[in-house]
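Peer 1: Quick note, the sequences are listed as chains A and B, same order.
Its first residue numbered 0, the first sequence is counted upward by one per residue in numbering that gives the first Met the number 0.
Its first residue numbered 0, the second sequence is counted upward by one per residue in numbering that gives the first Met the number 0.
Everything labelled a hint here was simulated from the structure, so no lab data went into it.
Every clue listed holds true.
Facing chain B, a subset of chain A residues (Cβ under 8 Å, in silico):
no., residue
1, Leu48
2, Gly49
3, Gln50
4, Gly51
5, Glu53
6, Ser89
7, Asp91
8, Val93
9, Lys96
10, Cys98
11, Met129
The C-beta atom is built at its ideal place from N, Cα and C for all residues, glycine as well.
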Amino acid sequence: MNTPRVTLSLDAKAGPYQPGDVLRGQYEVGILHSAEVKAVELSVLWHTLGQGEEDLAVHFFERLAGEEGDVLDLRAPHAFEMMLPNSPLSYDGVIVKICWCVRLRVFLGRGKDVLTERPFQLGAVPAAQMLE
Amino acid sequence: MIHPIGHNPFATRSVRPGALDYIFPTDLRVEDVVERLRAHGWWGEIVGPHGSGKSTLLETLRPKLEAAGRHVVAMTLYQGQRRLPPQGRHQGEWPTPAQLVVDGYEQLAMPARWALQRRCRRARAGLLVSTHRPTGLPTLLHTAPDLDVLTAIVNQLTGGDFSVITPEDVARAYLVRGHDVRETLFDLYSLYERRRRHDR
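All chains, full assembly: derive it from the sequences and hints.
Peer 2: Shown next, in the form of structure tokens:
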């Protein structure tokens, strides 16, 4: 099965997003002849990254699925938008970091999927410094 | 351009068992280990010191066991955990054919090991364990830490970019950590953070 070409983009913005800002973007799935898209799931989420256990929470979720037996046609750009929450703000810590991203999962036939992520920054918390 | 939060190739999500594939010695493949386990009636143990790749190997074996028709019931035992978690005790809930996979088997008290073996025999289930010391099950593989393997792991994690963490850094941390691969990767995370912030 060919892998579809997935494009996920956020509207241009100068500087980081702030709480309450509206995040806008679009995605499209270029389908090659033998690839069938069963469903797509779009999430806006934050997750931690670092040395310990990881945490994750989904702020926005949208699923598009074809009717039973149908395939989705997503060749035209599909726009999305949502308001960003007050917290948690993006943080570049030493032991733990908080990362925001838009994640698009495209479900193909035979249990295969394609994952694409677009990171973004919420807030402007200064990065942590390490003491020498 | 909005820069995403700093990436660190040694973060938990990249180095946890399952995220990394076990790197086999040149004369051995994952299929060979599955075959050895099958030859012993699906019972066997992987023996090696702390941080030598036992958990990673179990995770690498898991999809191969599933592909061989075994239904994996996996559990991880932590320091001082002398009893099995519920999924290891509730034999009636095991799928058929079950393949019990116990990471950290040496933590179990002897009566708990015997009880588990009895349950596995009764249910005709397989039993695959990792342990620091041999426990009497058929030994499938001895894992041993190796600097070349560690360097290959770092190469895989960094995409071959040794500009922040050099091979000398890897060798030094490996020595300091007494050849414990897991702890070495932990230290490399901190070193990466220090260099990244210093260079900014």
